[in-house]
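Student: Take a look at the letters that make up each chain.
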Amino acid sequence: MSLLELRGVQKYFGADHVLKGIDLAIEEHEVICLIGPSGCGKSTLLRCVNALEPIQGGEIVLDGELVSGRGVDVNALRQEVGIVFQSFNLFPHKTVMQNITLGPIKVLKESKAEAKERARILLARIGLSEKANEYPDRLSGGQQQRVAIVRALAMQPRVLLLDEITSALDPELVSEVLNIVRQLAVEGMTMILATHEMNFAREVASRVCFLESGVIVEVGVPDQIFTAPKQARTAEFLERIIAAGRL
Amino acid sequence: MTNTPVGESPATPVLLATPGAPRRRALPSFQSNLLTAVAFAIAAVICATVEWWLLIYFDASLVLSGAELIVCRGVEIFLGLVGGTAAWYGILAVTRALSANRLAAGGAPSAGRVRAEDARDAMWFVVGLGLTALIVAFIAFLLGANHGALRTVMFDFGYMWRGHNALLHAFWLNLKIFAVTQVLVLAWALLVAVVRLLPGRACAPVRTLAIVYTDVFRGVPAIIVIYLVVLGFGLARVPGFDSMSKDNQIFWLAVLALTLVYGAYVSEVYRAGLESIHWSQAAAARSLGLSQWQTLRHVVVPQAVRRILPPLLNDAVALQKDTALTSIVGYVEVLGAAQLLKNKYFNLSPVFGAALFFLVITIPFTRFVDFLLKRDKQRTQGGS
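Quick note, the sequences are listed as chains A and B, same order. Just so we're aligned, residue 1 is where the first sequence starts under this note's numbering, counting upward by one. Just so we're aligned, residue 248 is where the second sequence starts under this note's numbering, counting upward by one.
It is worth saying that the hints were derived from the structure and are not from the lab. Among the hints, erroneous ones may be present.
Stretch by stretch, here's where chain B covers chain A in the computed footprint (C-beta under 8 Å, at least three residues) [as the list claims (entries may be wrong)]:
(1) 88-99
(2) 179-187
Computed list of lysine-lysine pairs in DSS-like fashion (alpha-carbon distance at most 25 Å, straight line) [as the list claims (entries may be wrong)]:
(3) B:K624 / A:K94
(4) A:K131 / A:K116
(5) B:K589 / A:K131
(6) A:K131 / A:K94
(7) A:K116 / A:K94
(8) B:K423 / B:K568
(9) A:K131 / B:K624
(10) B:K423 / B:K624
(11) A:K94 / B:K493
(12) B:K493 / B:K568
(13) A:K109 / A:K94
(14) A:K131 / A:K106
A virtual CB, placed ideally from N, CA and C, is assigned to each residue, including glycine.
Make a model of the complete structure from these sequences and hints.
Tutor: Okay, structure coming up:
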């Protein structure tokens, strides 16, 4: 059984049909990369999985449990599915340490000491121990995004959603963030990434999923998608990426 | 596609080929500002003349002695110097502009530009010093008018001193009303603001109620609310207030009235603050599994309050001053006490004394909050 299953997911923003029946099954330890032009629904799809957006049709199943629709405990779902945003969204009035421990203390009901201890270990792993008591606005973009990843990890989710996490970063800061994702992939974290970093997608993805206008055009292993796409639209998209010097 | 090598002629333009011949605009080498300088100098001299004339009138109309005379002469000398300096800068502006012209004519336009900039600096000093001298001299003129009548009627420190004990006692009541009301307002207004932002159709009735409340109490003068609530509740013997002693009743009714009025204002401040927090912050909190309530409590409200501290402080200062409105229902707080003294001495100075009490509290209070804001900014933000 798949860890996460999307069955015919439909999403409307008013009259805008953003997701037109998405079917996707994600196995445990898989890394799925969503690629596609801006506005194709990548981010919306991730936000739907995290229940930040309600879906208007289809269903989402996590480990055999239906987690979409009315009456679902979204707070419980979000403990299992973490998300990292393009714009970091750290809490500016809280220190790095407080950002990381807020969820564990308030939601997982861990003791302060326990939560801090785990946060310290995680911060040490990403080399930001000395920033524990700094406020986010005093950190570089790359450091902020690393903290945001750790904040999501502190909740010990089963699935991690990464929504274009390097798009708002200066080019020289991208690698420090991607290294963490790489490490997570090696350690078997189940992840869905919406990304424009094609080389990275090719490297870490178990499967790459090309979306256009709210439809999954093609899913396949990275080598097949990037070297021998079956669909003409996939090929066109990749050509434009190559023309922009991004692949 | 390759770049044009240095020294070779570029490719046939496509993007750079614009209709009409390209136009080169030259920077003007030098522009004289002599006329402006002359105008400023004349203005400065007029300023100084008027100011001295006002001061002479002020001096002639007052009959002073002792310390007052010394202070007065000190102010006059200071203002005389300020006006004189303004006039001096006017002359300086003209001489600098003249020398700038000479330099430019002598083939040194860039040196001329520098000197012209100096002339403009002098003109700004004319504006700053001249206006200040004029305005302060005018105030002095008013004080001296009618042989210093204003001073005797309003600013007699003898009367103020004689009343200071009664005023201090009464001002304590203002502070008490202010402190209790401010605490209630902060809590009550936050509640109203949160209710107004509740989503969903189910909450529409309470939302409407909150909107009606803010509209009504922001729309009615505070003095009327105080009148109606304090006198009305008292006359109607409203249960809860009726069993209190007379003093207690009027105190708590005044607190209630002011809470209703300021709650409406402050709830709008809160609402603006809450709405100013970007939804992505709430999304981040919810994505960690925090409930709607926890998100408000730990993420949205703390950030909103930091952001709205200046307007909150503004309303706190206004509330502190408006405690004086309770004097109209016969409450002997500082203004009420000052009025009694005014009637006793037949002199307004105690009322001015009451005003001083408010200043002593509000000015340091404002500076203190400014300091807190600055410190918080330095702590949480990069740079500095």
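Student: Hints first: check each against the structure and report whether it holds.
Tutor: To see whether the hints hold, each was checked on the structure:
For the stretch 88-99 of chain A, the stated coverage by chain B is satisfied: 5 residues place a CB nearer than 8 Å to a CB of that chain, which reaches the threshold of 3. Remark: the stretch 179-187 of chain A is not confirmed as covered by chain B, as 0 of its residues place a Cβ nearer than 8 Å to a Cβ of that chain, below the required three. Note on K624 of chain B and K94 of chain A: the hinted pairing holds, with a Cα-Cα distance of about 13 Å set against a maximum of 25 Å. A threshold of 25 Å between alpha carbons decides the hint, and for K131 of chain A with K116 of chain A the separation of about 14 Å falls inside it, so the pair holds.
For the given pair, K589 of chain B sits about 63 Å from K131 of chain A by alpha-carbon distance, which is inconsistent with the 25 Å threshold. With a CA separation close to 12 Å, the supplied pair K131 of chain A and K94 of chain A stays within the 25 Å bound. Restraint check: the Cα-Cα separation between K116 of chain A and K94 of chain A comes to about 14 Å, which is no more than 25 Å; the hinted pair holds. A C-alpha spacing of about 12 Å is found between K423 of chain B and K568 of chain B, which places the hinted pair at or below 25 Å, so the restraint holds.
Restraint check for K131 of chain A and K624 of chain B: the C-alpha separation of about 18 Å stays at or below 25 Å, so the hint holds. Taking the CA atoms of K423 of chain B and K624 of chain B, the gap is near 31 Å; set against the 25 Å cutoff, the hint is violated. Distance check on the hinted pair: K94 of chain A and K493 of chain B sit about 48 Å apart at the alpha-carbon level, beyond 25 Å; violated. Restraint check for K493 of chain B and K568 of chain B: the C-alpha separation of about 23 Å stays at or below 25 Å, so the hint holds.
Distance check on the hinted pair: K109 of chain A and K94 of chain A sit about 19 Å apart at the alpha-carbon level, within 25 Å; holds. Distance restraint check for K131 of chain A and K106 of chain A: the Cα-Cα separation of roughly 22 Å lies within the 25 Å cut-off, and the hinted pair is therefore satisfied.
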